[in-house]
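Next come the chains, spelled out residue by residue.
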Amino acid sequence: NAGVTQTPKFRILKIGQSMTLQCAQDMNHNYMYWYRQDPGMGLKLIYYSVGAGITDKGEVPNGYNVSRSTTEDFPLRLELAAPSQTSVYFCASSFGENTIYFGEGSWLTVV
Amino acid sequence: GESVGLHLPTLSVQEGDNSIINCAYSNSASDYFIWYKQESGKGPQFIIDIRSNMDKRQGQRVTVLLNKTVKHLSLQIAATQPGDSAVYFCAENMRNYGQNFVFGPGTRLSVLP
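From first to last, the protein sequence lines stand for chains A and B. For the first sequence, the working numbering gives the first residue as 1, with consecutive numbering after it. For the second sequence, the working numbering gives the first residue as 1, with consecutive numbering after it.
None of these hints come from the bench; they were simulated from the model. Wrong hints could be hidden among the right ones.
Stated by the list, open to error - List of simulated lysine to aspartate or glutamate pairs, EDC-like, C-alpha gap at most 20 Å:
#	chain 1	residue 1	chain 2	residue 2
1	B	LYS42	A	ASP38
2	A	LYS9	B	ASP49
3	B	LYS71	B	ASP49
4	A	LYS9	A	ASP56
5	B	LYS42	A	GLU104
The task is simple: from the sequences and hints, build the whole structure.
Set out below in structure tokens:
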């Protein structure tokens, strides 16, 4: 049982490039989330999904897109990367509105 | 759970002493709270949770206290060890569909030898 798995761990992007952060969970959780964490700040919700085929914007969705074609996978797409998107990204999952379990994070730098 | 900027509050304790980390939450309607531990370079790790129908919950070496009157949570760590050094933050369930949890910025716990 691997929990929540994110890839890549580290990535450097140039301004204007695009990329996808991959996330998979093997706990059969219906809810999945993407958060970003900036230094000294609390986690900010980017997008979330309450089940396959359903996605909704969180607090800071601009510049990102998501899809949820299966229960297990929830990729986060960055289009036209900007320096403001330099951050640590965490994928997470939960069974309903219960404990959220996090992946190990993806460190993204946009230069 | 408002941001406190780039510098997290820091708590320094001697190894073997007890630690108390505090958190103020924002919504009186929140009914579920979680404490997480985050080590450098890693994802947040669940420590303990508590529901609003309880005032206290104990785990292994950890205790969470909930004071709903003043909207305050605390995490007590007994006999603090070097491996406890990390950032600790609380999360409250705002019961807002999928946007349910709000996370505080955290407190950095530093354990001195």
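Verification of the hints:
This hinted pair checks out: LYS42(B) and ASP38(A) have alpha carbons roughly 14 Å apart, not beyond 20 Å. Distance check on the hinted pair: LYS9(A) and ASP49(B) sit about 28 Å apart at the alpha-carbon level, beyond 20 Å; violated. Under the criterion of a C-alpha separation no larger than 20 Å, the hint pairing LYS71(B) with ASP49(B) is consistent with the structure, at around 15 Å. With a C-alpha separation of about 25 Å, the suggested pairing of LYS9(A) with ASP56(A) is violated against the 20 Å cut-off.
With a CA separation close to 5 Å, the supplied pair LYS42(B) and GLU104(A) stays within the 20 Å bound.
Figure legend: structure checked against the earlier numbered hints; hints not met, in rising order: 2 and 4.
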